[in-house]
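Q: In case you want the letters, here they are:
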Amino acid sequence: MKILVCISCVPDTTSKISFIENDTIFDKNGVQFVINPNDEFGLTRAMWIKEKDNSSIDVINVGLQDTEPILRKTLAIGADKAIRINSDPKDSFQVAKLISDYVSKNNYDLIIAGRESIDFNGNMVPGIISELLGMNFITNCVGLDIIGNKITAKREIEGGTETLSFDLPAVIGGQKGLVEESDLKIPNMRGIMQARQKPLDVIEVNKNNLFTETIKFYKPEEKGEIKMIDSDNLDELINLLHNEAKVI
Amino acid sequence: MAVLAYIESNKSKPKKNSYEIISYGRGLADKLSTELIVLSFNIDSVEDLSNYGPDKILNIKNNDLSNFNIQKYADVIAQACNSLSIDIIIIGGSADSKYLAPSLSVKTNSSYVSNVVELPSSLEPFTLKRSTYSNKAFSDITIKNEKKLIGIYNNSFGIVEKKSNPELISIDIIIPDSTLTTDSVEHGSGDISIADADIVVSAGRGLKGPENWNIIEDLAKTLGAATACSKPVSDMGWRPHSEHVGQTGKPVATNLYIAIGISGAIQHLAGVSSSKVKVVINTDPEAPFFKAADYGIIGDAFDVVPKLNEKLKVFKAGNN
Chain A
1 MKILVCISCV
11 PDTTSKISFI
21 ENDTIFDKNG
31 VQFVINPNDE
41 FGLTRAMWIK
51 EKDNSSIDVI
61 NVGLQDTEPI
71 LRKTLAIGAD
81 KAIRINSDPK
91 DSFQVAKLIS
101 DYVSKNNYDL
111 IIAGRESIDF
121 NGNMVPGIIS
131 ELLGMNFITN
141 CVGLDIIGNK
151 ITAKREIEGG
161 TETLSFDLPA
171 VIGGQKGLVE
181 ESDLKIPNMR
191 GIMQARQKPL
201 DVIEVNKNNL
211 FTETIKFYKP
221 EEKGEIKMID
231 SDNLDELINL
241 LHNEAKVI
Chain B
249 MAVLAYIESN
259 KSKPKKNSYE
269 IISYGRGLAD
279 KLSTELIVLS
289 FNIDSVEDLS
299 NYGPDKILNI
309 KNNDLSNFNI
319 QKYADVIAQA
329 CNSLSIDIII
339 IGGSADSKYL
349 APSLSVKTNS
359 SYVSNVVELP
369 SSLEPFTLKR
379 STYSNKAFSD
389 ITIKNEKKLI
399 GIYNNSFGIV
409 EKKSNPELIS
419 IDIIIPDSTL
429 TTDSVEHGSG
439 DISIADADIV
449 VSAGRGLKGP
459 ENWNIIEDLA
469 KTLGAATACS
479 KPVSDMGWRP
489 HSEHVGQTGK
499 PVATNLYIAI
509 GISGAIQHLA
519 GVSSSKVKVV
529 INTDPEAPFF
539 KAADYGIIGD
549 AFDVVPKLNE
559 KLKVFKAGNN
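As given, the protein sequences belong to chains A and B, one line each in that order. Numbering-wise (our numbering), the first sequence opens with residue 1 and increments by one. Numbering-wise (our numbering), the second sequence opens with residue 249 and increments by one.
Hints listed in this document are in silico derivations from the structure and should not be mistaken for laboratory results. Mixed in with the good hints there might be a few duds.
[Claimed, not checked] Keeping only pairs whose Cα atoms sit at most 25 Å apart, straight-line, the calculated BS3-like set for lysine-lysine is: (1) Lys279/B to Lys309/B; (2) Lys52/A to Lys150/A; (3) Lys52/A to Lys198/A; (4) Lys539/B to Lys219/A; (5) Lys246/A to Lys559/B; (6) Lys279/B to Lys469/B; (7) Lys456/B to Lys469/B; (8) Lys309/B to Lys392/B; (9) Lys355/B to Lys320/B; (10) Lys264/B to Lys246/A; (11) Lys261/B to Lys309/B; (12) Lys246/A to Lys524/B; (13) Lys559/B to Lys90/A; (14) Lys279/B to Lys216/A; (15) Lys539/B to Lys246/A; (16) Lys555/B to Lys456/B; (17) Lys539/B to Lys227/A; (18) Lys216/A to Lys392/B; (19) Lys320/B to Lys246/A.
[Stated by the list, open to error] The following residues of chain B were derived to be distant from chain A, with all beta-carbon distances above 12 Å: (20) Glu295; (21) Asn413; (22) Ile417.
For each residue, glycine too, the CB sits at the ideal point set by N, CA and C.
My request is simple: use the sequences and hints to build the entire structure.
A: Structure, rendered in structure tokens:
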């Protein structure tokens with residue numbers, strides 16, 4: 001089976017977020033970039049498929065040259081080939097369209113992308129790819145079994161899960177639960193050495209489809225002072241929640 | 249040219265976030281001086297929808313739409329948009345709506361912007377404010393496309409009552425076959441899901457083990473709240489993933505969030521930052537959560553939580 005895993009390059013989850021140039025640009029200074037966690041769960045799940053049936057795994061990223069260390073890391077984890085589409089990712093449709101154009105020229109059986117990136121939080125890329133390519137799709141995927149051409153997958157819904165079955169080719173939006181946090185692999189030295197020899201193709205772009213533009217960022221408003229309540233005076237807490245905050 | 253607000257139903261009733269979606273649609277239609285059409289599937293009575301100002305209601309009753317299916321739902325919504333000449337679609341932030349929105353945007357040639365928290369600040373260029381960086385920031389985003397799909401962040405815009413006398417309309421639709429089969433739906437043990445809850449009671453490693461969660465569940469029951477947990481608790485398997493709140497888990501945008509024995513890692517704080525009122529109960533006065541909360545109690549969960557629960561029971565009994 002041919003698997004494609006879509007990789008977004010995002011600030012580490014512990015990053016403090018700040019902006020420069022009049023709050024128009026994210027400040028990358030001192031920020032460590034990582035594989036988007038939702039994508040990494042998908043990559044790890046793809047590795048399990050590969051270990052079982054010798055599938056090939058390609059990873060694809062829409063980004064500029066500074067994402068290449070992250071792509072090398074995915075190769076060190078075990079992907080066979082990386083593709084970087086040389087374009088600054090500014091809009092989810094742009095990213096999804098570039099990836100689907102690549103897929104339509106290079107057939108894949110299974111495409112896995114994170115349900116969302118933890119920086120843009122669009123929740124769009126896997127869904128748009130599936131619709132553009134006419135493939136079956138589920139997102140918020142927390143369970144995946146593939147036998148032959150048949151997929152049985154679980155998706156998280158409000159207050160539970162739903163189990164669906166469908167045929168390949170398909171697009172899966174991954175998240176935690178597809179594999180566990182403890183299943184994530186840290187590349188070993190052998191993997192890192194091998195990754196240097198693996199192909200990383202760069203594809204130039206003729207046309208970007210940009211229909212949206214992020215023009216300004218805001219930090220959330222500072223929280224007001226906290227009110228401390230003595231643990232022996234819980235009636236006061238109930239009083240404040242009822243009369244001041246009006247939430248109970 | 250009109251605005252369409254798509255709302256979900258549950259057991260033939262509008263879902264809780266429907267009123268916020270319609271309120272947003274009304275506000276937007278007023279800004280654009282156009283009409284608001286509400287689209288729903290299989291709702292028994294559409295009467296209370298008229299409290300929020302729709303001009304028209306299209307409630308499609310069809311047994312083939314009784315259970316959610318992304319392909320059927322997205323296709324039928326797109327058909328409705330086409331026959332009603334819709335330029336802007338409003339959709340909620342539920343799991344199902346976020347699942348179908350990207351497909352719907354492609355089917356209707358709309359540009360989709362998710363996590364929107366306010367009405368557009370400008371119509372030319374069309375500018376929306378949305379939550380981004382996992383709730384650590386907001387951004388202004390402009391849409392150049394005439395056709396737009398706006399996904400609203402749950403519990404951000406609020407409900408605005410505005411009585412109207414909507415016309416009930418109908419259209420012809422064709423329901424496509426689906427290549428997806430729903431085998432089963434499993435509901436979790438909790439009575440209320442995090443997305444539907446007004447109050448969430450959440451606990452962390454301070455609880456020391458899964459066997460101690462009864463005090464959390466008891467407090468949640470008294471408050472009619474959903475239960476949630478921190479990332480380490482879900483990673484250790486004390487609680488299911490579906491309860492994990494934070495950057496790689498669920499965001500929580502609720503009216504009241506009570507954090508018990510959770511120190512407040514930056515990822516967790518980001519996940520709950522949209523909640524309106526936060527209460528922290530922790531033994532450690534240096535816990536970062538105290539800097540991000542509205543009310544704080546320094547104390548041991550095993551002492552404070554059962555006492556608080558008993559007092560809340562008395563308060564609730566007195567209020568009914």
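Q: Failing hints, ascending?
A: Numbers 1, 6, 8, 13, 19, in rising order.
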